[in-house]
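Trainee: Just need the whole structure built from these sequences, with the hints factored in.
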Amino acid sequence: MKQLGAALRAEFPIFAHNVRRCEDGHLRPLCYLDSAVSTHKPQSVINALVEFLSHDYGSVHRGAYQLSVRASEKYEAARARVAKFVGAGVAPEQVIFTRGTTESLNILAHGLALSGLKSESRIVIPAIEHHANLVPWQQAALQADCELAYVPLVGTHGIELRLDLAAARKLITTNTSVVSLAHVGNVLGQVNPVQEMTALAKNVGATVILDCAQSMTCFAENPFDWGVDAVVFSGHKLYGPTGIGVLVASRELIDRLPPLLTGGGMISSVSLEESSWASGVAKFEAGTPPIAEAIGLSAALDWLEELGRTRIHAHAAQLASEFASGVSKIPGIELFYPGTGAETIVSFRHNALHAHDLATILDGSNVAMRAGHHCAWPLVKILGVDALVRASFAAYSDRDDVEQALEAIKKAILVLK
Amino acid sequence: MNKETPNLGELYQEIIVEHSKRPRCKGRVEGCQFCLEGKNPLCGDNITLYCQVQPVPSDPQHPRILLNFEGSGCSISQASTSMMCESVSNKTVTEARELISKVECIYTGRSEIKSEDDLEEDVEALHGVSKFPVRIKCAALAWKTLELLLNDHFDENGLQRPDSSACKLADPCTSKARKLKVITSE
Chain A
122 MKQLGAALRA EFPIFAHNVR RCEDGHLRPL CYLDSAVSTH KPQSVINALV EFLSHDYGSV
182 HRGAYQLSVR ASEKYEAARA RVAKFVGAGV APEQVIFTRG TTESLNILAH GLALSGLKSE
242 SRIVIPAIEH HANLVPWQQA ALQADCELAY VPLVGTHGIE LRLDLAAARK LITTNTSVVS
302 LAHVGNVLGQ VNPVQEMTAL AKNVGATVIL DCAQSMTCFA ENPFDWGVDA VVFSGHKLYG
362 PTGIGVLVAS RELIDRLPPL LTGGGMISSV SLEESSWASG VAKFEAGTPP IAEAIGLSAA
422 LDWLEELGRT RIHAHAAQLA SEFASGVSKI PGIELFYPGT GAETIVSFRH NALHAHDLAT
482 ILDGSNVAMR AGHHCAWPLV KILGVDALVR ASFAAYSDRD DVEQALEAIK KAILVLK
Chain B
3 MNKETPNLGE LYQEIIVEHS KRPRCKGRVE GCQFCLEGKN PLCGDNITLY CQVQPVPSDP
63 QHPRILLNFE GSGCSISQAS TSMMCESVSN KTVTEARELI SKVECIYTGR SEIKSEDDLE
123 EDVEALHGVS KFPVRIKCAA LAWKTLELLL NDHFDENGLQ RPDSSACKLA DPCTSKARKL
183 KVITSE
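Chains A and B, in that order, give the protein sequences.
According to our numbering, the stretch in the first sequence is residues 122 to 538, in order.
According to our numbering, the stretch in the second sequence is residues 3 to 188, in order.
Because the hints were derived from the structure by calculation, they are not lab data.
Check before you lean on any hint, since a few could be wrong.
[Stated by the list, open to error] Residues from chain B shown here face chain A by an in silico Cβ test under 10 Å; the list is partial: (1) N9; (2) V19; (3) C27; (4) K28; (5) V31; (6) N48; (7) T50; (8) H64; (9) K183; (10) I185; (11) T186.
Backbone N, C-alpha and C define an ideal beta-carbon position, used for all residues, glycine too.
Mentor: Written out as structure tokens, the structure is:
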């Protein structure tokens, strides 16, 4: 079985190309602690893209020639691969390829606003969601003129930091039509109580949407076993290419929802007077789809499953906890980390050094971390801060990253003292 | 392949650190004539500029402006705003516009600093920002906001527009959000 951590970096060309001579004259390897925003790509994914584009590329479902046939077969095989990855019982006919989590959630929010949401309905989402699972629901609520209820966070600082299930119980009322939440939070890394939330939503007959953008690399359970109606995620956080995402939906939703994008490839007939939509997933894939990206994603899923998602989770969570313990000992640092042992993300700030300044200075030591509001502005406001620095850990992370990052943070604080 | 790290000392020059720790002209000005909010939505830096116009009896056509600000964000955005308010105050609108153009060349690295240049010393410290492309927007926030504020209220000759209305703090996002039926507790 392949080793996780530093040994795995040999498969990622990005590391060899980004050793850097720092200001103190030392060569430092790339300490990449921003995998929650996007992961790097293993050679097998890069090869899959190069091979497909070099040997088999053609547009899908459009040509009578061999290249188009081969490309179509590979594209559909990628769809089947995704279905298998999501879990047993998931059919390729439930897998819609999109450009990413954001587009997937927009398809759902827009579609539900037009088919199911009424002015007396309610949408329930956590207040701490990232913008991709927040802004589309604001738009849907405006479009349907319905209520948008926010489930609050318990705890504001280093303690607790979890979704307020007691409040959710009250907020998920009988008029609730949609409950949408992240499986894993992108800032606090908290694992949300998806099964409890789904049960509450199902009690009132609501549609449940699970945003797995952060969780798909680490959790191997099939979310449809918990009763959710739709699952969304992105390829680029799964060691795959950018520009490819997935929306896996129940057959009922696929039938019911109107498309977000219209155009070629998604129609059953077009005349000057009217058009009608194709059935099934094709209805949601207007235009030329991300073909090479789907094939790259398929290769990424092969790579990921060979390593084992549960193994990656244990590995990354262990490193996160070591980092959290180390960083919390640095004077002036305030942690925003639930600390249950399941998180692979650690957010923090310094009481005198702004997150952006800290991140810029860390870059001087070849340490890559994200700083800012992490596309979760309401959460950052709820926490009472203006910006956070976030360290996130992945399959190729290791103890040397933790050490390099901690040393760089200690040095950074001295720079602006 | 090895890559070089740009010099952090050039970015965080003493003057910049000093302005970020002890900002000048900071504080809300109640009842000021003009104000404008500026934001970097991707990173959350925000400032509000408060602008007062001081008439000069000997030159009524060219009043001087006084600037104050409130804000929060990284040291570069806040230091840049502090330096701007200090260096623009007591200038005419035309002089302020000239300074905006000159400083833009400094923080984007389009101009070398010349010793005979009559720029304020403090503002010159922004030249280090040009080596850090992602931080240029932090330095630019203050100057871009001031440029918008001046364009809103003064014509190309630096004369106050007759239709110029007072404080503009409307945020298109909040006005939309207000229509949402938001529920936060039951």
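Trainee: Each hint needs a verdict: does it hold in this structure or not?
Mentor: These are the hints, each one checked on the structure:
no.	hint	verdict
1	N9	7 Å, holds
2	V19	6 Å, holds
3	C27	20 Å, violated
4	K28	16 Å, violated
5	V31	22 Å, violated
6	N48	8 Å, holds
7	T50	14 Å, violated
8	H64	38 Å, violated
9	K183	5 Å, holds
10	I185	4 Å, holds
11	T186	5 Å, holds
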